[in-house]
Structures are given as C-alpha cells and as structure tokens.
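Protein chains in written order, with our numbering: chain A, 1 to 260; chain B, 1001 to 1385.
What the hints contain is simulated information worked out from the structure, not anything from laboratory work.
C-beta atoms are modelled at their ideal positions from N, C-alpha and C, and glycine is treated no differently.
Check each hint, because a few of them may be wrong.
Claimed, not checked - In silico BS3-like cross-links for lysine-lysine, where the CA-CA straight-line distance does not exceed 27 Å: (1) B:LYS1043 - B:LYS1108; (2) B:LYS1107 - A:LYS190; (3) B:LYS1117 - A:LYS190; (4) A:LYS190 - B:LYS1108; (5) B:LYS1043 - A:LYS51; (6) B:LYS1187 - B:LYS1106; (7) A:LYS190 - B:LYS1106; (8) B:LYS1175 - B:LYS1236.
To be verified - Below, a sample of chain B positions facing chain A; criterion: calculated Cβ distance under 7 Å: (9) MET1011; (10) ILE1019; (11) VAL1044; (12) GLN1047; (13) SER1048; (14) ASP1049.
Stated by the list, open to error - Computed list of chain B residues with no C-beta within reach of chain A, every gap over 10 Å: (15) TYR1003; (16) ILE1170; (17) GLU1186; (18) LYS1200; (19) GLU1227; (20) VAL1261; (21) THR1276; (22) HIS1282; (23) MET1344; (24) ALA1376.
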Amino acid sequence: MKIIICIKQVPDTSEVRINPETNTLIREGVPGIINPYDMHAIEAGLQIKDKAGGTVTALTMGPPQAETALREAISMGVDEGVLLTDRAFAGSDTWATAYTLAKAIEHLGADIIICGKQAIDGDTAQVGPELAEFLDIPHIAYVRNIDDIKEDRIIVQRLMDDGFDVIESSLPVLFTVVRELNIPRMPSLKGKMAAKKAAIKKLTASDINADENDLGLKGSPTQVRNIFAPEAKKDRRILEGTAEQKVEVLVNELMRLKCL
Amino acid sequence: MDYFLSEEQSMIRDLARQIAEEKIVPVRAELDETGEFPWDIMKVLAQSDLFGLFIPEEYGGLGKGCLELCLAVEELSTACLGVSTTYAANALGTYPILLFGDDDQKKKYLPDIAAGKRLVAFGLTEANAGSDAGGIQTTAKIEGNEFVLNGTKQWITNGGEAEIYTIIAITDRSKGPRGASAFVVEKGTPGFSFGKKENKMGIRASSTTELIFDNCRIPKENIIGKEGMGFIVAMKTLDNSRTGVGAQGVGVAQGAFEEAVRFAKQRIQFGHPVITFQAIQHMLADMATSIEAARALVYAVARFIDSGAKDVSKESAISKLYATDVAMKVTTDAVQIMGGSGYMKEYPVEKMMRDAKILQIYEGTNQIQRNVIGQALIKEFAKKK
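Just chain A, same shape as in the assembly:
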C-alpha cells in the first residue's frame, strides 16, 4: 500500500498579525506549522500503514523552508518527505497547485492519497478534490471515519450536514479528512532523530514533466486583485428577551427601515 499525504505549511494563525496599512498578513517572523487538518491526514495515513502495511510519504509544494513541515511529519512516523519546489510554482492558485501535485503523484505513484479538508490560511477546500480530478480517480471529501480497508477497496464515513454517508471506493482513491477522524499522534524521539537525518527528496517542474503554462501564476485562473479586512460596522444591535419578543422587535425594526 503506497500512501501519500499532501500537507501544507501555513502561518501559525494564533500568531498572525495584519499590517494595518496594506491589510495583508505579516508573514515575517510568524512560525510555520503543518496545516492542522493535514495533521489528521498524517495520522490517518499512519494508522492505515499500521493496519495494512506499506509506506507513507508526505508531499508538499512550497518554498525551501517548507522542508521543516516534512521533517515534522517524519518525526511522527512518516517514512519519506518529498518537497516540490521550483520558482515556476510561485503564485499558484488551487487549480495550478492541484495540477502540480497531480504531476508529482503520477511521478511517485500512490494507492491512497489523503489531504486535510482545507488549509487554514486559504480555507478553499478545493485542492483535494481538484487533485483527484487531475488524477482521474475517485475522491471522498470530509471523511470522519475509516470503517474498513482492504487490498483494493476502502469503506469510509463522509461527514454530512445531517449525518454521514457510508461510502465504498475502489483504489486508488483520494480522500480529505475532518478533525473528528482521529487525534494526531505526538512525534516520537526516534522519529525526531530520524527526521533530523532524513534526506528530503526535492522535485522541480522538469522532474515531474509539468507543462510550464499550467504552473504558478501563469497557470492560475484566479487572480487576486485586492485583499482587505472587512470593515467593522458599528451600528449593530443584539436583541434580548424571549424568541417571541425578539421577533416582534425585529419585525417592527425591519418595517421602520422599510425592508418589509
């Protein structure tokens, strides 16, 4: 069983500050962490390996410093880290990111690909499903439990608004995971020592036979025009009282404002 976990290094949001003039994130000096949802993906991969055998590879696309995220994954028990790094990848939106990851996974080969449901910086939840489409394999988003795993199929529970679906899929498959799935393990000392020594495999655009027109800013249909913090509006009122009283005040107020 070859398992690939796609991880992303994100700024530790508990440390994030916004530049008030440009309204953008101050990234300098903010520590990078593994996207918290990806920690659950790593744990899922390690548990599958514990049960069904095989290898677990952590894959990330990012600048050279993203290597620390891969080493952290290795300290938890992941066998190998692969860093996709190339100037050509810079500025990728979710589409270009998914394309690049797909080319890398075609190059590496995998039976199971696991992603966190979304990254806490962009919050799009798009890369996992898009990646499965590029690879032309089935995907299951929001997995909250792995019921069973066999040579050629997997049965999982997909979290829904009103319960969950039980889904069986053939392999290879990609799934994205939610927090309910597991509790990520702590690193081990042996893992940390291995992580310190581990050689991180680096792949560039030419290593994965990617078409440069589909990479980075050039390959990204999404163009960011402006990022701003929404203005805090001050004229707010929180209604008090029973539901009936609140409805009455609300209706009167909406009528006064000619909304009703």
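Got chain A; can you put chain B on it based on the hints?
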C-alpha cells in the same frame, strides 16, 4: 540559563514539554479530582519513546542516561507531579533489573518496558519498614525450584497498574543486612494481589497500593542478582533514582513560579499590577534564584552519575534534598503571591503545593537524605587527617 545541552537532549526536553503542555495541562485538574490513573498519557509517553530513554539500545531503548531522564521528568513535572511520579516510578522499578539483572531477565523485561507496553513498580516499603528499610518483614523462602513470598508491601507507587514488580524480601533473617534479596514478580502470579488504593493529599493521579503476597510462588530464576544482595540492589537503585526526584522538584517549582508571575502581572491592587511591588518582586527573585540553583545542581549530579562515578550516594542525596526543599518553598510562595486565588482550585498552584510535599517524603525523607550525606561526610573525613 543555557546548560549547553546536546541537540538530542534539547529534543528530549522539547518533546516532553510539548506533551506536558498539550496532553497533561488540560487534564491535570480532573486527574487530581478523580484520582484516575493517567493511562492515556502513559500511552502518549510510550508512543513518543520516552519510556525507553534510559534503557540500552540493545533492548529497544535509546541508551541515554540520568540527565536525559531528568530532563523528561522535569518537563512533565511542570505540568503534573502525579503524572511524572507514575513515569519516574517506572524507572525506579526498572533500575534493579537494569543494574543487577542477568541477560535473560534483561531480554525478557527491558524491551517491553522500553516500549511502554508494561509498567514497572518498585516494592521496598512496608508498614514497619519506611526510613528503616531493615525492618522488612516480607519473606522469600526457597522451596525446590521456587521462592515462596509472604508479606505485605505498603504505599507502592504504580501498584495495581504495573505488570512487573521488583520486590525486596528477606531470604535469611539471621544474616542481617545481607539477608535480603531482590525479585521480579509479575502481575497475575497466583498468591499476589493488591490491597486498598490509598486516598492521598497530592499526586492523586498516581496509583498507590498495598502489594499482598500470600504463598506466592515464583521461579528461582526471578531473583535479581545474588541471594543476600537485596539491600545493595535497593540502595544502588535509590542512588540512581534520587536525582530524578530532584528533577521533579525543579519541574513543579518552575510550573508554580510561572503561574505566580503570570498572575502577578495581571492582578491589579492599589492601581498597579502586583508584580510592580517590591514585596512581590523580591519573592519572585528568591524563587527564580533557588530554582536555577536547584536545576544546576540536579543537572550537575546527573552528569556526574552519567560519567560512571562509582559512589553517588552523597551527591544524589544532595540533589534530592535541595531541589525538593526548593519545590516546597517555591510552591508555597506561589500560593502566597496569588493570595486567595492561589488557594482556590481554579488555579493549579494549590495542587502543586499539595503535590510538592511528597517529594520531601518519598524515596527517602529529606531527614534520611541528611543522614546519607552525614554518613558520607564521616567516611570522607575519616580518610583525611
């Protein structure tokens, strides 16, 4: 202060700190309230390889020494002494096998201990044998290929939860100090049961029970070392483990100190945070000074032990004595700085103060430590004229 730890030592300290912050701090108040044994945390420690720290690599451990064990114990102790006692008592119970066990015993037990699969407990104390270990009444009589154990051990840390017990029992009372021997007894052996679980003032997450031996038969090969070496096994075990108790003292003192500083920065009286008052600053300064002195001492003694020094009784007693007295003083002062809040269970310092008291009592009271130091001084100065 920088103690020039190696990269691996820093790694061990950081990992233990991460476990303390993420896994122990959130549950310590509940564990203290319920007295529930911290199995979930033990599993995390096992998975993180911390049980194998001081066990040789050939038996699945990491082959590290006393300093590394002290670093881990210290960090766990900043969060909860009940948890760190469980962890440290495991090492205490393992030392007899590690120091005096034969190859077969090491092969049989150490890999499971290193992996955290089976916990260990050390059984020396009895109702009439506390500071006076010579008062042991539990006996082990040889009958054919077996030893038959009879007697009751008291206040045994990890009792009932551990699966491997290293026990000191009298094999020949007529031989006096050479009449005791050490044994390995496994949980589940017929004739071996557990008495009541004690309801304690502090370290409530740790399990403390009686061990009852009623015609408990164990194979002859379960003796550790030679017959008659029981007290030597016990004393060398304590010589090696005492500094770890000192590390517990440094840890709990550090934990209480940080709580006190945090509180003193926030608490406003007379229009100012109380940390701006000299009365508070001087207390904090004394606390910081004594903690740093205790830490420096514990690390120095741990390094001395790791150097392979033969007789470490005096030094390990010095480190235990000083660091645990510091722990009692600092945790008490942390409660004082926090005043009424410090006395309430909403804050962790009252628990730390209750927990710290045991450090002055177990593994040799601090009065016994002074005896050990005193006797060593007499020996030392007898040679000098």
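Evaluated hints:
1. Using a Cα cut-off of 27 Å, the hinted pair LYS1043 (chain B) and LYS1108 (chain B) holds, with the two alpha carbons roughly 21 Å apart.
2. At most 27 Å may separate the alpha-carbon atoms for a hinted pair to count; LYS1107 (chain B) and LYS190 (chain A) meet this at roughly 21 Å.
3. Pair hint LYS1117 (chain B) plus LYS190 (chain A) holds up; C-alpha atoms about 17 Å apart against a cutoff of 27 Å.
4. Between LYS190 (chain A) and LYS1108 (chain B) the alpha-carbon distance is near 22 Å, which keeps this suggested pair within the 27 Å criterion.
5. For a cut-off of 27 Å, the pair hint linking LYS1043 (chain B) to LYS51 (chain A) stands: about 18 Å separates their Cα positions.
6. Distance restraint check for LYS1187 (chain B) and LYS1106 (chain B): the Cα-Cα separation of roughly 18 Å lies within the 27 Å cut-off, and the hinted pair is therefore satisfied.
7. Taken as a hint, the LYS190 (chain A) and LYS1106 (chain B) pair is honoured in the structure, with Cα atoms around 21 Å apart against an allowance of 27 Å.
8. Taking the CA atoms of LYS1175 (chain B) and LYS1236 (chain B), the gap is about 20 Å. The hint holds against a cut of 27 Å.
9. Using the Cβ-Cβ criterion of 7 Å, the hint placing MET1011 (chain B) at the interface with chain A is satisfied: the shortest such distance is roughly 5 Å.
10. About 6 Å separates the beta-carbon of ILE1019 (chain B) from the nearest beta-carbon of chain A, less than 7 Å, and the hint is met.
11. The interface hint given for VAL1044 (chain B) is met, as the beta carbon of that residue sits about 6 Å from the closest beta carbon of chain A, less than 7 Å.
12. A least Cβ separation of about 6 Å between GLN1047 (chain B) and chain A falls short of the 7 Å threshold, and the interface hint therefore holds.
13. Given the 7 Å rule on beta carbons, the hint for SER1048 (chain B) holds: about 5 Å separates it from the nearest Cβ of chain A.
14. Hint on ASP1049 (chain B) holds. Least Cβ distance to chain A is approximately 4 Å, under the 7 Å limit.
15. The claim that TYR1003 (chain B) is not at the interface with chain A holds, since no C-beta of that chain comes within 10 Å of its own (minimum 19 Å).
16. At the 10 Å boundary, the C-beta of ILE1170 (chain B) stays outside the reach of chain A, the nearest C-beta of that chain being 40 Å off.
17. No Cβ of chain A comes within 10 Å of the Cβ of GLU1186 (chain B); the nearest lies about 27 Å off, and the non-interface call holds.
18. With 10 Å as the threshold on Cβ separation, the claim that LYS1200 (chain B) sits away from chain A holds: the shortest Cβ distance comes to roughly 28 Å.
19. Annotated as non-interface, GLU1227 (chain B) keeps its C-beta farther than 10 Å from every C-beta of chain A; the closest such distance is 38 Å.
20. Every CB of chain A is more than 10 Å from the CB of VAL1261 (chain B) (nearest about 21 Å), matching its label as outside the interface.
21. The claim that THR1276 (chain B) is not at the interface with chain A holds, since no C-beta of that chain comes within 10 Å of its own (minimum 27 Å).
22. For HIS1282 (chain B), the requirement that its beta carbon stay farther than 10 Å from each beta carbon of chain A is met, with the minimum near 34 Å.
23. The beta carbon of MET1344 (chain B) is kept farther than 10 Å from every beta carbon of chain A, the shortest such distance being approximately 28 Å.
24. Look at ALA1376 (chain B): its CB is around 35 Å from the nearest CB on chain A, clear of 10 Å, so calling it non-interface holds up.
When held up to the earlier numbered hints, the structure conflicts with none and fits them all.
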